[in-house]
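On the provided structure of chain A, position chain B as indicated by the hints.
There are 2 protein chains.
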Amino acid sequence: MPRFEHIRHKPPWRLEQPRALLIVSCSLRSNVNLSRLVRLAGCSGLAEVVHCGSGKVDRDIARDAADTVTVTSPRSLPPVVRKLRNRGYRCVGLEQTTGSDLLYDYRYHRRTALIIGSEREGLSQEILDLLDDVVEIPVYGPPASYNVVTATTMAVYEYCRQFPRG
Amino acid sequence: MPRFEHIRHKPPWRLEQPRALLIVSCSLRSNVNLSRLVRLAGCSGLAEVVHCGSGKVDRDIARDAADTVTVTSPRSLPPVVRKLRNRGYRCVGLEQTTGSDLLYDYRYHRRTALIIGSEREGLSQEILDLLDDVVEIPVYGPPASYNVVTATTMAVYEYCRQFPRG
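Going line by line, the protein sequences match chains A and B.
The first sequence maps to residues 28 to 193 in this note's numbering.
The second sequence maps to residues 28 to 193 in this note's numbering.
Just chain A, same shape as in the assembly (with noise of 0.2 angstroms):
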């Protein structure tokens, strides 16, 4: 009997409790990243994806979490931002900023919003004024800056490895 079989359409983990992570998102010039980042969120248990912006989620990328994860498109984000922190969410950006916390080292608070930014432009300083966490994640190389589902995902596995059940 071979040592690795391949399992196809095992069953989701389980979670013991809903997830407490919640993507917020600056508006995403890309459709593809929007859709990437909802299958992101649908594959890790989060149920909602906040996207300040006006994106279509195209289904052939996000697959089946186009149905299961809701995605709601405010406005402007500040005002989400101070309300998420007056419902006891930790804010907590991902930017290279001054003041952050490495991701290898950071210990997630369960309740998180993680609030990214746009492809180009990063976090503005208004947002970041709000928040009370930066992480940043090291690069080593050219070039020196990752796509922001992917800088995202890295945050969301950090999280998911730190809760796993939830």
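Keep in mind that the hints were calculated from the coordinates and are not lab data.
Please note that the accuracy of each hint is not assured.
[To be verified] Straight-line alpha carbon distances no greater than 16 angstroms define the calculated EDC-like cross-link-like pairs of lysine to aspartate or glutamate that follow:
#1 B/Lys110 / B/Asp159
#2 A/Lys110 / A/Asp156
#3 B/Lys37 / A/Glu32
#4 A/Lys37 / B/Glu148
#5 B/Lys83 / B/Asp94
#6 A/Lys37 / B/Asp128
#7 A/Lys110 / A/Asp128
#8 A/Lys110 / A/Glu148
#9 B/Lys37 / A/Asp128
#10 B/Lys110 / B/Asp156
What follows is chain B alone, placed relative to chain A:
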């Protein structure tokens, strides 16, 4: 003074020794996935991606990593895996299989070849039979499988977390 201020064009982290991680990919159908893989490799400090297929790297996606990451394209993967094992690489598949280790718990060897499957078929039994280990990433919801580059991003992040300086 603001607590968090965006740092643009921050220089990459310096590795104390070259990355001993190699990405080895079965033939990807999508040049977008291949190009995203090359950008991920560049940003993570990897020198080489082995892609067993005839894809073309899109410079708009891979950016400068198109110049700094060598993409080699062997015709067949099994001889590559055998050669890497002889050269002392731990050959680690990324797949849902029997006998797999959870990526959350897995301790990488420094000298690792991460073997990834194609978008639809994943890793074949012929390849699985050649591997030292298989790592698996928990999936929590629909569509119940990560995009191949998303999964690779998580596996590469976990490696860099364990070997932050190379």
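ask   = Between B/Lys37 and A/Asp128, does the CA-CA distance stay at or below 16 angstroms?
value = Since the Cα atoms of B/Lys37 and A/Asp128 sit roughly 15 angstroms apart, the hinted pair holds (cutoff 16 angstroms).
query = Keeping to a limit of 16 angstroms between CA atoms, is the pair of A/Lys110 and A/Asp128 held or broken?
reply = Given that 16 angstroms is the threshold and the Cα spacing comes to 24 angstroms, the pair is violated.
inquiry  = Holds or violated: A/Lys37 and B/Glu148, Cα atoms, limit 16 angstroms.
reply    = Roughly 14 angstroms separates the two Cα atoms, so the pair holds.
request  = For the pair supplied as a hint, A/Lys110 and A/Glu148, confirm whether the alpha-carbon distance does not exceed 16 angstroms.
outcome  = 23 angstroms, violated
key: Agreement of B/Lys110 and B/Asp159 with the hint, judged by alpha carbon distance not exceeding 16 angstroms   = 13 angstroms, holds
message = So if I understand the rule, the pair passes when the alpha-carbon distance is 16 angstroms or less; does B/Lys110 with B/Asp156 pass?
response = This hinted pair holds, its Cα atoms lying about 15 angstroms apart.
inquiry  = Please verify whether A/Lys37 and B/Asp128 have alpha carbons no more than 16 angstroms apart.
reply    = 15 angstroms, holds
request  = Below or equal to 16 angstroms on CA atoms is what counts here, so check A/Lys110 against A/Asp156.
outcome  = Measuring from Cα to Cα gives roughly 15 angstroms; hence the hint holds.
message = Between the alpha carbons of B/Lys37 and A/Glu32, is the straight-line distance 16 angstroms or under?
response = Not OK: B/Lys37 and A/Glu32 at ~44 angstroms, beyond 16 angstroms, violated.
query = Hey, B/Lys83 versus B/Asp94, does the alpha-carbon distance stay inside 16 angstroms?
reply = Cα-Cα ~13 angstroms, so holds.
Taken one by one, the earlier hints fail for this structure at numbers 3, 7 and 8, listed in ascending order.
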